[in-house]
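Participant: What follows is the residue order along each chain.
6 protein chains.
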Amino acid sequence: MTILIEESEASPEVKAIYEDIKAVRKVDWVNNFWKAMARHPATLKRMWDNIKQVMAPGAIDPLTKEMIYIAVSVTNNSRYCIASHSAAARAKGMTEEQYAELLAVIGLANETNRLVHGYDVPVDPQFSTD
Amino acid sequence: MTILIEESEASPEVKAIYEDIKAVRKVDWVNNFWKAMARHPATLKRMWDNIKQVMAPGAIDPLTKEMIYIAVSVTNNSRYCIASHSAAARAKGMTEEQYAELLAVIGLANETNRLVHGYDVPVDPQFSTD
Amino acid sequence: MTILIEESEASPEVKAIYEDIKAVRKVDWVNNFWKAMARHPATLKRMWDNIKQVMAPGAIDPLTKEMIYIAVSVTNNSRYCIASHSAAARAKGMTEEQYAELLAVIGLANETNRLVHGYDVPVDPQFSTD
Amino acid sequence: MTILIEESEASPEVKAIYEDIKAVRKVDWVNNFWKAMARHPATLKRMWDNIKQVMAPGAIDPLTKEMIYIAVSVTNNSRYCIASHSAAARAKGMTEEQYAELLAVIGLANETNRLVHGYDVPVDPQFSTD
Amino acid sequence: MTILIEESEASPEVKAIYEDIKAVRKVDWVNNFWKAMARHPATLKRMWDNIKQVMAPGAIDPLTKEMIYIAVSVTNNSRYCIASHSAAARAKGMTEEQYAELLAVIGLANETNRLVHGYDVPVDPQFSTD
Amino acid sequence: MTILIEESEASPEVKAIYEDIKAVRKVDWVNNFWKAMARHPATLKRMWDNIKQVMAPGAIDPLTKEMIYIAVSVTNNSRYCIASHSAAARAKGMTEEQYAELLAVIGLANETNRLVHGYDVPVDPQFSTD
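Chains as they are written, first to last, in the working numbering: chain A, 903 to 1032; chain B, 903 to 1032; chain C, 903 to 1032; chain D, 903 to 1032; chain E, 903 to 1032; chain F, 903 to 1032.
Just so you know, not all the hints are guaranteed correct.
Said to hold, decoys possible - Here are the computed lysine-lysine pairs in the DSS-like style, where the Cα-Cα straight-line distance is at most 30 Å:
| id | chain 1 | residue 1 | chain 2 | residue 2 |
| --- | --- | --- | --- | --- |
| 1 | B | 917 | E | 954 |
| 2 | C | 947 | E | 954 |
| 3 | A | 954 | A | 994 |
To be verified - Computed beta-carbon distance windows for the label pairs:
| id | chain 1 | residue 1 | chain 2 | residue 2 | range |
| --- | --- | --- | --- | --- | --- |
| 4 | C | 911 | A | 999 | 47 to 57 Å |
| 5 | A | 927 | C | 964 | 41 to 51 Å |
| 6 | B | 998 | D | 914 | 17 to 27 Å |
| 7 | E | 930 | C | 954 | 23 to 33 Å |
| 8 | A | 926 | C | 954 | 48 to 58 Å |
| 9 | E | 997 | F | 951 | 20 to 30 Å |
| 10 | E | 994 | A | 998 | 32 to 42 Å |
| 11 | C | 908 | E | 997 | 47 to 57 Å |
| 12 | B | 943 | F | 994 | 20 to 30 Å |
| 13 | B | 995 | A | 999 | 38 to 48 Å |
For the record, the hints were derived by calculation from the structure and aren't laboratory data. Since the model is a prediction, treat every value here as computed from it, not as a measurement. Cβ atoms here follow ideal geometry from the backbone N, Cα and C, with glycine treated the same way.
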């Protein structure tokens, strides 16, 4: 069974990060990912620092970032991350039509990636970024 | 060496698809992916039909679709598709800052996917789509 | 449902391998991996011969070999192998702190692998093994 | 062509990180990974902070961490990371015999991962971490 | 919970595809893959058109195509596709002995793929397809 | 640079395996895979024993086994194995039409694997092997 550190049993160090997660995300609960990371507080802190920085609004908007996250997680068959980031994307406005198109692109990219490997297609000089 | 069917040697059937690719994409050349697919015209036609449908503007805009394509291709280490879809994304307006943020999200998702596998984190009931 | 060949129903050929597994590993039961392989005795024998050779103490110690096994299995999201090799690593002395550090390295490597693909970083000549 | 930020053209912010990399690693040059990351200083800083923390000596020794890194990179076919972390492992004392055993474990794990998927082997209750 | 469109609640457009699936495959029920795709009728139609074309008897016989499908799905740890295509392969005559040999080849290929990455083996000029 | 053990410099132990490879395969040269494995004779012997057993004619014919090998290698983007097993398949009679159909199935399976992950499709009870 997975060991999860519940909020009621968290050390002050872990509790403080849980509170920051809830504040930044404007939610009133902490999801299991963080409760599992909390087994190793240094990892909990490091991952939260990374996610807070990378997933913040920037040159790419937060909903698009969630869809990119889903693209990776579906490709890797990572069920937890598919579920959590799909929920996050829906909370940010993703419609069912968008989710269907997202999966269609993910599926097609996984297909053409393999056609390219199988035919060993050379990169066109026009695609150089020089 | 990869066999590529150049425009000058294409059969009428293949030539017609090449022309459609150039017209739909508003470009004056055909990239190597299609020249490799043309070895098997049924695959060339099928893949073009799929890509034309899936990558068309819809509930998700074309630039976001390119970034999703890149997320899959980087995860799979598919060098040709990274090069071609990065070029396509840049042509649709992707900035270097956006590319950097895109890679940051892709990298982080690949990391947390594995943390989730290693700790076998159970899906929270709140993420159910019921 | 997965077909598992229990010890009580094993053929003499399979039974002999089960006994060797228990003797080499100093355990009194056979785990499901072997009971599934036993559906095809040639595979059972081949895999046991391979694992016995590769996982034996050598230039790398047995606990480190288990951690390498976990690194692969977590990357591939192979739940059974994560569970069985984590148990084996713990039996060989892996602490929770070590497991947390192991997952941290696995996660980070999966992240930087993709940054390298996305930026198409050329191998430094200094890394050549000439 | 990949854009690499050479030391001579680095901004003060990037230059300071390059100096820290050289000091922590006791080397007199910066490898291409960092020169590629430097295109986006926030990513350069974040990745260096992560790697410095995760790869530091801890409950797992630095050479073992390098071998874990290689296990992930070989599984993902990430050529740059295989080359750079093999060089790092050799610098920390990895012998050719150890590299051969490392690859043997990586190969075998990738094999049994798939046998487990194909036979859908259920996790033994004895492997529970309760 | 996964949303599945049952035959009784399908729109005429979806119902027509369900009927074609049953007719082409000579079965009297529709499996969950199609009921999930039916959430987005354009994807349902596109995927059925693709599968009908690609999996049809051609230069490769249908049973071999199913085994190729299984090889990909086992490599990707895609449990649903392993189950559905194993059932399809059995319905087309695959024996247990064949399934065992199929998994043995899949496992071995996944192993040697990694040995090749780890030793960075150069392609022999004799393997060129010029 | 990859270290390859040429026939002229092989130890008697390695030389004997090279001779067996040439005899079993009815060829007059040894390809680079084996020359790389020969750096560690125990691995060379083990892998040759495995491949000789698994790839031998059995319930599945040798050409089909090569196509399964290619399906795994294309999915993993393992360029050397794609090249060597495509050459082997062609030597056993694979036509260009068959190679095109093989890649089409591989591509499609990689696509539907991801659609299944994204929609989290439950396995139909009819696919049970009880």
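Participant: Against the structure shown, which of the earlier numbered hints fail to hold, in ascending order?
Facilitator: Violated hints: 2, 7, 11 and 13; rest satisfied.
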